[in-house]
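So the sequences go chain by chain: A and B. Per this note's numbering: the first sequence = residues 1 to 707. Per this note's numbering: the second sequence = residues 708 to 1058.
These are computed hints drawn from the structure, not numbers from a lab. The reader is advised that the hints may include incorrect statements.
Here are the computed lysine to aspartate or glutamate pairs in the DMTMM-like style, where the Cα-Cα straight-line distance is at most 25 angstroms [to be verified]:
id, chain 1, residue 1, chain 2, residue 2
1, A, K340, B, D715
2, B, K853, B, D959
3, B, K993, A, E386
4, A, K619, B, E950
5, B, K854, A, E384
6, B, K853, A, D616
7, B, K993, A, D659
8, A, K353, B, D959
9, B, K720, A, D17
10, B, K993, A, D580
11, B, K720, A, E344
12, B, K720, A, E22
13, A, K340, B, D959
14, A, K340, B, D956
15, A, K336, B, E945
16, B, K854, B, D956
17, B, K854, A, D609
18, A, K619, B, D728
19, A, K418, A, D394
20, A, K671, A, D693
21, B, K720, A, D616
22, A, K570, A, D580
23, A, K340, B, D711
24, A, K646, A, D394
25, A, K353, B, D956
26, B, K853, A, D609
27, A, K619, B, D956
28, A, K570, B, D738
29, B, K720, A, D628
30, B, K993, A, E356
31, B, K993, A, D502
32, B, K993, B, D728
33, A, K619, B, D711
34, B, K993, A, D505
35, A, K336, B, D715
Residues from chain A that keep clear of chain B, each with C-beta distances beyond 10 angstroms, as calculated [as the list claims (entries may be wrong)]:
id, residue
36, A115
37, Y161
38, L309
39, T366
40, F434
Virtual Cβ for every residue (Gly too), placed ideally from N, Cα, C.
The residues making up each chain are set out below.
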Amino acid sequence: MNFRERLQAWRYNLVPDHLVGEILTKRWTDNAIPFLALVATLGVFGSIIPGFFKLTSLQESTRQLGEFSLVVIGMTVVMLGGGIDLSVGSIFALSCFSAVYVFFILEQSVWLALAAALATGLVFGAINGYLVGYLRLRAFLTTLVTFIFGRALFDILVTTYAADVQLSQASSDVLDFIGDGTFWGLSVSVWLAIILAIVTHIALTRSRPGWHVLAVGGSRRSAHNAGIRVRRTVFMTYVFSGFCASIGGFLIACRLSGAGPGTGLNLEIMALTAAVVGGVSLGGGRGSVIKGLMGAIIVLTMTNGLIRLGYGTGTNQMVLGIMLAVAVTIDIRWLKNRHKVLNEVYVAPVYLKMGETQSAAPGSGTSYELDNRLSAADHIGLGELEGPEDVILDRDDHLYCGTRHGEIVRFFAPDYVKSEVFAHIGGFPLGLAFDRDGNLISCVGAMGLYSVSPDREVKRLSAETSRSWTSIVDDARLRDPNDCDIAPDGRIYFTDSTKRYDAHDWALDSIENRATGRLLVYDPKDGSTKTLLDGYRYTNGVCMAHDGKSLFFAESWACRVHRYWLEGPKAGTAECVIRDMPGYPDNINRASDGNYWMAWLGMRTPSFDLSLRHPDMRKRMTRRLPQDEWLFPNINTGGVVKFNEKGGIVEAMGDLSGDAHPMVTSMREHKGYLFVGGILNNRVGRYRIEDADPNWTSPASYWGGKP
Amino acid sequence: MILDPILDVFRGKAVTIPPLDGAFRPNTRLDDAPAFAELSSPDNLLPAAGRLFVSSGNAVFAIAAGSEPVVVETFASTVTALALSPSDELTVGLESGKLLIAGKEISLPAEIRCITALAYADDGTLWLANGSAQHLLSQWAADLMKKGASGSLWRLGPGGIGFQKTAGDIAFPYGLHPTGSDVLVSESWRHQLVRFDGLTGNRSTVLTHLPGYPARLSPSADGGAWLTLFAPRNRLIEFVLQETHYRRDMIDQVPPAYWIAPALASNRSFLEPLQCGGIRTMGIHKPWSPSRSYGLVVRLDNTMQPQFSLHSRANGTRHGICSVAEQDGQLFIASKGGDCVLSVDLASGGF
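The following block holds chain A by itself, in its conformation from the complex (with noise of 0.2 angstroms):
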């Protein structure tokens, strides 16, 4: 190995690349920006106005920040449903001037002068709601009409009523309390908005009419046809957008005891730029209150800070339309190519250098020489079947296979021509096993270990097993189970081949050639799921030994036969027995000599074998190539191969036409012939092998003659 190599294996084997991608499949990674801005914005305007973090200093900045909260709330919901508006600023400047007008002016009560304020802000918002959600009008145009509708309604009213106002002796406690006291130390404001902000965030995560608001602004068309009424719930958000500007306006009336010329001026920018900076998608659907609430802290922080370094209103607001194009732009590309960059990290390809191994090829005189002889084999359900991973016979000598459509169909005997669905599982069913009572034992990928019963009756046995500490995405889960065994004690060893791959993207997994394969086993007795092993390059095949205190497994991508002790001096360790195999090993079952049969799915390539050294070229090529460019493992040739209770190789076979089996996943013996299954077939085989005992059957071998 050169020193190049050398650095290879560690760089790739020992840095975690893969937790880049899993980290990416988190959602709350679409929060990590923000977040990050919001920390960047605090920390640089801390640090460079002093007193910034001053308690007096504070109080202003929360005052008016539970005031832009509330709207930003507002203006979030809103574009969470689909839409936008742009009339929170002269909603809330008209409900500022209700407040002022009905307690200056009509020296009124402050609840009426908050009654006032609510009402014109629910009735702006319904006024939006119904041109927006019923009419459906343009969002936009519309809410534009209303603003510049509101705002030249409040100039007139203000201009008209400023002296009343300055001359009102009105005066009462509960305004100055709310304008200036504070409560535990934070203002009414800061408190409205939090209590609001909790509210809205269980709603829309918890609620019906939240998660209608969502889905509405998800997709609009699949709102409609999953029943939600569509309109209602859009008129509802631009009446909730209202109502928050409202308590905003009233709460800034308290505050200013007055209403002047720049009230709520360029709030509406404001707000849209916070929800936007913030994360909440201008398309709608994806977003939350929190994710407002930081983009309300980092534009306020922005504007306060700039304005106290002495900067004008002109700066403030071309730093507020940057933010908003940079935060736009980087919403819709990350949006667009979120899945395109997580595909492109995920693939996190491991150095490994496989051993010597002998050769296949027909003429090279090893034990491992694969023939033609699997090409002779009758076939059973060709053109119906799709995918029988695996095939097992049962005491009647009917055929079951699993198919990708989710179903075990069963192949009548003796001439196994007519089928029926015998179970629909879903996923996709992989390895079979029939327990002592005659339940079908299977390992559906996708899904978990299923058993159905001789009366059809599906049943879950397992689907998780208990997290590894360091895991970040759930590896409880059970992602890629792939065959299973019984043991004479009736609990089941099964495989879950990969953590890192869902069950129709297995192959893939060879690229990345990451250990992540387990050995499970499931006890009926408590219904309990255990890892015996962990840290296997795709863990495949189960078969128990014949004295049943041992099991085979196979480890497919690292080409080598393990055998697990249940019981004995060595129980509980594994050992390797065959190793540096020609193919790729899959399922393993008993033969009727005492031998055991042993599945390749695959082939080993030189190309492949050095690519497996080289994981910089397998990452470039994951990313630079599509997938169907990506170099594979060859397996469109797979065999059938005899082992011995030692791991010595008695024969093998296959077929290297690949007209009827280029890849054997599965192969069970049964009264002199052998059934053979491929995951990627259109067909079950059935090949007649010479010498067998003609009367010798699985379900006898593993529990005894018919009861």
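Could you slot chain B onto chain A? The hints should help.
Frame of chain A; chain B shown alone:
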């Protein structure tokens, strides 16, 4: 997008190849065509006065409808190129680097070791394409994988002053089509057709971005030409060509037959590389899947623009076509990877 060049640094630039579209739109004409003659690795077809010669191994055969191929002449090493002089002298290039005209060995400059194509111009000039200065023709894959560009173009003028080099630094010239005093050369590793000026040796590209590796050219009756492409371009292979370390290790450690490299035939051994798209699923080998070998013959009009093409797709067998010959309204196609010569009736048209 405008940011792509910056992002490419992090994510890797996509490897792309020209699509099979327009004149290259796939069909199954080559697989549908009947076999005219079956013999192992037929290479260079040569129509001559009512007969049809084809080189195979170290022999030249004469083939005719309804009869077995007949050996015309055998040579000491593999025949790599054939041509017929205006005075009907059989001109043969050999793997050993020798050139025979009517059985007489012609002395060649030392640089010529890889005779890939021979062609006589109307004035009797013999054009010779020397594929590589480093590799023999049988080692063409090594020349490609080592990014060889040491091929050269030679002429033996009428009058016999010996071979003169017209141009060098050609990335595997594999086909010749003399037109007047110029010659059209297929430059395989650069996927293009180049016209060389017969007097000055100046080059100008005629057809670029071919979807495969061009091999020999042959004239067609109406002034156009037939172009064969002996292997398809493949994105994995183009990617490997950019992977220095992997490619070097592959050349050093992997037997050439199992390289990630173009081939004249594929899927013959389980030791060959397989790409994801080439996996047999439910008994089907997808015809559009990426493949190391392909069968492709292209008809060029008299401005050397492609008009239509004949294909044997990834799931076909008539792959590795290095030479075609048009004779008496029939197009004969030698499939080196498919071990047969096909005939297609041109008169019936239907292309």
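query = Quick check: which numbered hints come out false for this structure?
reply = 5, 10, 13, 14, 15, 18, 24, 28, 30
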